[in-house]
Every structure is written in C-alpha cells, then in structure tokens.
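Protein sequences appear in the order of chains A and B.
According to the numbering used here, the residues represented by the first sequence are 3 to 365, in order.
According to the numbering used here, the residues represented by the second sequence are 3 to 365, in order.
Think of the hints as simulated: they come from the structure by calculation, not from any bench.
Treat the numbers as computed from the prediction; the structure is a model and nothing was measured.
Misleading hints may appear alongside valid ones.
Identical copies carry no separate label here, and so any pair may be met within one copy or between two of them.
[To be verified] Computed list of lysine to any residue pairs in SDA-like fashion (alpha-carbon distance at most 20 Å, straight line): (1) 92 <-> 336; (2) 317 <-> 84; (3) 76 <-> 54; (4) 72 <-> 334; (5) 72 <-> 337; (6) 217 <-> 186.
The lines below spell out each chain.
2 protein chains.
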Amino acid sequence: MKRESVFARVEELRKQITRAKLDGYIVFDPKNVYYFTGFKDISNATLGLIIPAEGELDLWTYPLSYTLAKEEAKNCVVNNVESGEKLYQKVAEKIGGMGFTAIGFDKMSADEYLMLSKTIPKVKLNQKSDFVLGLRGVKSREEINLIKEAAKLADIGAECGIEVVKSGMREYEVAAEIEYEMRRNGSEGVAFETLVASGPRSALPHGISTSRIIKKGELVVMDLGATYQGYRSDITRTLIVGQPSDKQKKIFEIVLKAQEIAFQKIRSGISGRDVDAVCREFIKKSGYGDNFIHGLGHGVGLDVHDPPRLSPSSKDVLFAGNVVTDEPGIYIEGYGGVRIEDMVLVKEEGAQMLTKAKKPVLA
Amino acid sequence: MKRESVFARVEELRKQITRAKLDGYIVFDPKNVYYFTGFKDISNATLGLIIPAEGELDLWTYPLSYTLAKEEAKNCVVNNVESGEKLYQKVAEKIGGMGFTAIGFDKMSADEYLMLSKTIPKVKLNQKSDFVLGLRGVKSREEINLIKEAAKLADIGAECGIEVVKSGMREYEVAAEIEYEMRRNGSEGVAFETLVASGPRSALPHGISTSRIIKKGELVVMDLGATYQGYRSDITRTLIVGQPSDKQKKIFEIVLKAQEIAFQKIRSGISGRDVDAVCREFIKKSGYGDNFIHGLGHGVGLDVHDPPRLSPSSKDVLFAGNVVTDEPGIYIEGYGGVRIEDMVLVKEEGAQMLTKAKKPVLA
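Only chain A is shown next, with the shape it has when bound in the complex (with noise of 0.2 Å):
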C-alpha cells in the first residue's frame, strides 16, 4: 500500500468526521486499519486505531503486533500494549484525555461498547461503519490492480478446479488442487472457505467442501478466491461430469445467460436493485424463478462482501471503481444446482469482466 494511499483515505475519513460534527473516530477492524495505515497484520488480532478530526493518529497493539505494526504503519505513532492489559482500556483513557465529546466508530462488540461507554461516560460513541465503507466500495486505481492480481489468482484456481475434477474424486481433494494452484502462484490464502459441491450438495449455496465422492453424471459447483496483499478475490464455475442430462444443459444456459444479462446491464450509475431484477426476471421468465435465492452479486475488495449489493433489497447505486460479483444461480433441493460468477469492474460507460477463466459445461 502506497504511503501517498493511507494519507489520502485519511484525509477522506476525516471531511466525514468533520461534517458529522464528530471529534475523532476509532477504527477497530483490523482490515480498516490496514486501509487506513498500511498495516497488514494477520485476522483476529487485536488493534485499535484513533484518528482525531486534527493532529497525530494513534495505533494501539498487543506485543505481538508491534514490530510489525511499526515497521509498516505509516501516519501514526504506535503504541504497544503489554500483555495483561486491556487494550480498549488505553484507547478509552487517551480518548477520555482529549477532550473528545462524540466520536464515530467502524465497528465494535456489545462487550466493547459498554466497557468504553462506562469509561468515558461524557463521549458520545456513534457507529458510523458507513463511513469507511463508502470509501472502501470505490476502489483507487491501486487497489484495482491489486484486485486484479487476486481475480488472476481466482483464475488459476477455477482452471485448475475445471482441469482436475472427474468422478471418484472427493470434494475436498479438489479444493486441495485449487488451492495449491492458487497459493504457490502467490495467494496469502483464501478469500473464504473453498466450495466443491457435487450431486445434491451443488443446491447448498453455502456448501463448503465434505469427503463426499464425486459420481458420473453429476453438477459441481466450485466458488473459490484467493487474496494477493489484503485484497480478495471469488469467482463460481458450475461442471456437468460425465454425461450431462437435457435439464442439466437447459439450467446451466439459463445461468449463462442470465449472467451475460446482467452483465450487460452493469454501468456508473445504474442501482444495485435494477441489476439484479432484469437477471431474475430472465431466471424467472425461464421457469426457475423461486429457485435464485440469493441477491445477484456484492461487492468485492478487502473483504469478500464489501459494498455495494446487488439484490431485490439493495439500496446501493453502482459507482465507476466498485468491483462486484456477477453471480445468478439456480438451486434444485435434492436434485442440484448451478451458479456461475465473475468480478466485475464497474465504469463510467459499462463494465470490464476481472475473472476470466473458460466456462465449459463438461468437465
């Protein structure tokens, strides 16, 4: 992450605090920190980040963090935490010190919140998630290259995934092909949890990877993605194996083309909602219409659902620089399904497809 990046996003963040009439704002979400200051430390850890509407930011992390934490943070002082102490504890006391009244936060537990509302009592803290959000839906020409690396990574491991299956493999010896394929090629891991859905299995949109053995004959559904320095990537191809049957073929085309659809439909400007109702209103004008249950596609970066949506609820509108999934799908309970995705970069005029590995019907 560019030096040049982090103070940008800052400056951004703060015109926010600033017109929310707000002192400061605390970042807890280690990825937020990460976009924030450009330091990348791995998921789960602790940290906590202040940045007041003027002056110094302060990032606060355990010992284990530290080093890293100073090596690569880039517009803050850090401070270590010892072990034993609480680090919300230090947050609240320096923010009870500087005189704040009303602060923003991204994101916090009900644990945190009533521990830091008992401490400074006289600060008001407002979830305020939407700003960093905003920000982070519309993604810097950094950030698309960065994504771009991630989906070529997806690429790699959807081809190896297309090239590997065959019957009497197990699902999850096939997601063991496509992530290898995908980590020594450079992924830092999965975006999420590798899909190989065979059989009845494909119908389960979230149906991660079992022992189970793949037969002749059957769907598989393969939804995977890779990260390349913090950013995500996800991409879904659907196999027939062996010998596919004539409904088989007629759902996969439908799928097809309901994502061609809506592809199409995709430009600056254009809401969230509408994308997804002239791709589920081709699903449903083939006949499958209660069986896209899902919204058609989210946003994709740091995290692999980042704004904006694309569903019947959705209330985002498309903007050039969000990158989303284009992803409809048709689910048979007991019999099987189909889903195909792809990253899409939105732009001023139309959209440029991020992932780009072959859609063949036949394994």
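Add chain B to chain A, keeping to what the hints say.
Relative to the frame of chain A, chain B by itself:
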C-alpha cells in the same frame, strides 16, 4: 457431531441459564451454533439460535443456509429469514413474544446490541460468553478424537514443511506445500493463516508468509494448523536452513528445553499462570527473559484461541479435558526468532502431547 452430544451441551447451558435466573440465551457465534446444534455453516454467515430455559430451541437462518441447517441442526426448529429481512429483528420479535425479562447471549456487535435493546426494551440483555466458553474449554471424548484428527493433519503439514524448506524458496511457496499436504489429507482448510517467517522476519510472532526468499543460514519459523469437522490444530516448528551459528543453536536448545519444562508441569488443577511462570523463569535464567514476548499457550478447539490461557496474567486453572498449546519463543528484533509449539491434552495425572511432528534443528 453426535445427536446426544448437542443435547447434553444444551442441558449443561440450561443449568447455567437457570442458575443465573435468566429466561433464555441467544447464540450468535456460528461456532457456538455448531456446538449446540451440530449445524456447521461456513464462516461469516449470520445465524441466531434461541435457547429458552425450557422448551423448543429456535434457529434463524437466511435462505443461503436454510437447507443445510434443516438437514444438520438436530435439536431445533429451523426458521427461514427472507433476504431483505433482518435476522436480528426476527430474533427480537420472537424473544419479545415469549414474555422474557432477562436473557444471556454469547456475543454480538454494538450495533446489534443497540437494535435489540430498542426492539425489546423490557428484556435485560446480559453478555454471558463465559457460559459457552466454560463448556467449550473442557473437551468431551468425541471432541478430543476430532482434535486428534486435526492434530494429525498438523503433523503432516509440519513434517512436509520440514521436508521441503530450503534456501532459495519463497516463504509462501513453503506455505503452499504445507497447506496442500494438509488439505489433500482431509483438512477442511487452515486453522489460521499459515506462517512461514524467515531470517529477521522469524522474530515476528505474527509474521504470516511473504514473498521473501529464504537464505542459507537463516532461522525459519513455521506456524500452522488444520481443521477437521470444525476443530482446529496448531503447531510450530523452527529450523535453521544450512549452517547454523552457535547463537542460533543455543536459542533453539533453550526454547526446546523450556517447552519440555512447561509440558512436565501441565496437569489438572494447576493454574495457567504457574505453568507459564516455570517456563518463563527458565528462559529468563538463560538470559532471554525480555525476548519471550507472549503468553506460553492457549486452548484450542472450535477456535484456534479457545479457553484456557497460559500466561502471566491468566486467571484460568487447567482441567482434565482442556487442550492447550505449549509454545515458548525467543524473539530478537532484527536478528530472528525461535518458537516451538505443540498441542497438549490436560489429564488428571499429567498430560499428553497431541502433535508429534519431529523437531530437527536443521532443515
């Protein structure tokens, strides 16, 4: 997860609910939902489980998880929340209709806490994560068997790392081999981001795996784990690639000995602080007291950081059925570090090593 296991756990939780004079308990952590129902969703799904002091359990899921939940959740009514509806709203409405005055919960976000408080203002919400953590800390025979499987996979990963690591490789290439070997042997995925940290980076306890090329004569710390049916493992091996210096060998020997000293101390009834202290004292006497910058260990189970803790500030006492790590380390900033870690099952008399990978000093 056996049907009788989840029933027994709910009964144990209910004893605590009743003792605390609560009307029920809400579970939001997907790992706890798995623990109490047998339904294992992929991470990040939003779930809500209501466990009343008496009567039927209610599980709330979104459509993406509904089918699998119905299949796997063994002891509750499964309710579908339509996309666009708020799961927390549904849970709040259900609770509101039950005439409750006080409930416990495992965890939720500040946002969700404020929303629930507003929707059901007459119901007192009490964070009682310790109810579940207390249960989860002491593993049943069934759980120990699952953890042993996860530990075996970690051994496979560690031995693979020991086998393949050599100068000229990138850290992430070593990680790729380790993860592949675990995955194709049945791991559901890494227990946490695999760490292969070489040279000066080995002094970073949370150093992940980068594109850094490993050089001759360098320390390489490999910290890794697998997942089996939701249960995790955690192991660390440190090697010197090529010619070791006297100082490197000395540090390695101190850490190895420190780990053994701690292991000899572990048994039911001893405090986590005392086990940590005996190990810390040895490292201090060896001249590296300031370089052991984290606690000695932590529980492992559905989370890679489960209760209990072994550290200078821990208030936990070990019990038979705890599974903990024994992982002293010495970290010298700018030079390098050594950490050796195994998983240990606490028994009435003494303890048992669950991870068994070899511990060579040289690659």
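Right, here's what the structure says about each hint:
1. Proximity of residue 92 and residue 336 under a CA criterion of 20 Å is satisfied in neither setting, with 53 Å inside one chain copy and 28 Å between copies.
2. For the identical chains of this complex, residue 317 and residue 84 are inter-copy neighbours only, at 16 Å across copies versus 44 Å inside a copy, given an alpha-carbon limit of 20 Å.
3. Taking CA atoms no more than 20 Å apart as the test, residue 76 paired with residue 54 passes inside one copy only; the shortest distance there is 16 Å, against 49 Å between copies.
4. Taking CA atoms no more than 20 Å apart as the test, residue 72 paired with residue 334 passes between copies only; the shortest distance there is 15 Å, against 52 Å inside one copy.
5. Taking the shortest alpha-carbon separations for residue 72 and residue 337, only the inter-copy value of 16 Å comes in at or below 20 Å, while the best intra-copy value is 54 Å.
6. For a Cα distance limit of 20 Å, the shortest separation of residue 217 from residue 186 across copies, 19 Å, qualifies, whereas the shortest one inside one copy, 29 Å, does not.
In this structure, only the earlier hint numbered 1 is contradicted, and the remaining ones agree with it.
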